[in-house]
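> Residue strings, one per chain:
Number of protein chains: 2
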Amino acid sequence: MPKISERGNIMPESPIRKLVPYAEAAKKRGVKVYHLNIGQPDIPTPPKALEAIKNIDTKVIEYSHSAGNESYRKKIATYYNRLGVALTFNEVLVTTGGSEAIQIAFNATLNPGDEVIMPEPFYTNYNSFALTNGVIIKPITSKIENDFALPAIEEFEKLITPKTKGIIIVNPNNPTGSIYSADELDKIRQLVIKYDLYLYADEVYREFAYDGNKSISVLELEGIEENAIVFDSTSKRYSACGIRVGALISKNKEVISTALKYAQARLSPPGLGQIVGEAAEDTDVQYFKEVYDEYIERRNLVISELNKIEGVYAPMPKGAFYTIIQLPVKDTDRFCQWLLEEFDYEKQTVMLAPASGFYSTPGLGKNEARIAYVLKKEDLKKAVKCLEEALKVYKD
Amino acid sequence: MPKISERGNIMPESPIRKLVPYAEAAKKRGVKVYHLNIGQPDIPTPPKALEAIKNIDTKVIEYSHSAGNESYRKKIATYYNRLGVALTFNEVLVTTGGSEAIQIAFNATLNPGDEVIMPEPFYTNYNSFALTNGVIIKPITSKIENDFALPAIEEFEKLITPKTKGIIIVNPNNPTGSIYSADELDKIRQLVIKYDLYLYADEVYREFAYDGNKSISVLELEGIEENAIVFDSTSKRYSACGIRVGALISKNKEVISTALKYAQARLSPPGLGQIVGEAAEDTDVQYFKEVYDEYIERRNLVISELNKIEGVYAPMPKGAFYTIIQLPVKDTDRFCQWLLEEFDYEKQTVMLAPASGFYSTPGLGKNEARIAYVLKKEDLKKAVKCLEEALKVYKD
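Residue numbers (the working numbering), protein chains in the order written: chain H, 1 to 396; chain P, 1 to 396.
It should be emphasised that the hints constitute simulated quantities derived from the structure, not laboratory data.
Note that the coordinates shown come from a computational prediction; the quantities given were computed from them, not determined experimentally.
Don't take each hint at face value.
Copies of one chain are not kept apart here, so a pair can be met inside one copy or by any two copies together.
To be verified - Straight-line distance between alpha carbons at most 27 Å, and here's what the computed DSSO-like set of lysine-lysine pairs gives:
#1 Lys59 - Lys48
#2 Lys59 - Lys27
#3 Lys54 - Lys75
#4 Lys27 - Lys253
#5 Lys75 - Lys59
#6 Lys59 - Lys32
Given these sequences and hints, build the entire structure.
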């Protein structure tokens, strides 16, 4: 029997998804599982976007342009123009979710063995994409006791080697809910200029910035127009995770033309998803306001409820819809599995994502878990209640 | 300004798509372009499949399972069962087009530097995916004078080194239209067993086998159940290229579980496309019969018309809807560009894919081009007429 590849062997299972079989087993036993493990909001996709797909009048579903439909790329550029970013459709490449934007950018700009610096904990699939593409992520640890603020810029600089080609930030941050200030971004900007690095910015949670915090795009930063590469997505903005449509955005023409060669190889991004995505760009402000208000309430509820539990600490997230919480257990990998495998409270339990998978440094995050507050308030309350009851009986 | 990666620099432009800007310019000049360059059939997507998408009653377009919706995976397994292949849904991983199936399989089973043997000319994007994943394709040349028959198995064996991990076949073949016989496949099967190789088979044109030729799946071959990996796609079977839904199929549990880790990293395959793909699996036999009859007529017409042109040789394809033709020019890269840039016949011209990009051996295919007979007969006739007129005036 031929062997699996070495890279395949060391490829991690997704910490967000690896517990799914246990959740399925729990459901089969009649236990209701509250999913706080995955950023799958229950917010409706904008109805107009759904209408668009119901009204397609094509007879053949054809390939689109490899860079995406021009009409859609223009809508995306217009969206950025509204944010104050000068952008044309030629600077936008439509991808199969934000995930593909990351992979194409890695391939187009980084050689195997090249290093990128990234604050941890970070969105876990960066580990997987780095491994797939031979890229080395040098983590710089942000800490729960500082509410996961950006580490000092000197700490970044210490990690720079001749192999360093870029910095990756996720802003607003998944999994921590941090938002980087104008001042913090300016320090990164200066470092990017000093070492002529790429600055990759995952800005898919841009609309989810609370308490007067502002999501600043790296495309707004002066003097790094050729360095900045943005990963964007419809998934969270329009609650349309399943359409798998995102974008790679850069003013660097060489980056876009190289990325296009990778895009050509896979022919085109999803056609039906692009129709939904394009229609979603016309979503009215009221939709976002309602969604925003809902998330603020959910956040306030879940953080306050969590912090009432003895031994639990949940920092107040500034953006996105995640937070990393500290739990009074030794190993959240084991605890989260136990929640699904052995525990229930009145035939209900809760699914969390163990945080260890969000750290690149081995051993970190063992007593932490990520929660996504993507359920309606009644369910969030019940989910937290399950956690509270579980912690009363759990033995490490 | 930071540099593009070395791998990005050597990534080829798609020979199928690199002439697109010239075609667009021709259209802007008012010239009608007949597209024989790309396998984008004008055959309608099955109406029932389109209905399915118009009737979705979801409010949120959610992520699907990373391996695809179970209901869809079961339909795919059932489709294989009808072909006589014992298969369960656990052996099917839904991918973002056949393209992603190739990439995931390469990652899961091959290390950078590993070699795979593949008859050339081959579907050009294998070059791109191999380059992306650090895989080395060792080409074995099939020749137009033999109607691109499979090279002798001894030629394959000569290429085997300690780095050889697999053989890739595309059957029915894109771009040559070859179909491999039971006898040829048996020889490959024996070689695969002798050296314990993977056998990757791209079988996306399975339904397009003419003149009594039979498409045999590698999943039907005895004794290589753990070696065989199939790449499949809805694109051609259901004329639904734009939905970007395909599948990676293997009875090797380790391959599927490793592939799933790569699938988890990108979260899920396109959700709307899966709805179309699943509904398409219920397409009735009559649809295929009509499509089949149409392609037979198109093939017969285009091959006979092409062979009437002095200096042109078009072998009769046994399957798929492509053929590689020989042209009386020195460099089809230049000729195909000239067709779009400088030529028109009664305000019409034709777009072909230069064949050099389908060969891995440098210098081969310079006087060949791939044509896809995916247009209706009147248009095919006009397209060939354009080619004929062009050859009368073209100067190398």
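> So, against the hints stated earlier in the document, which numbers end up violated here?
none
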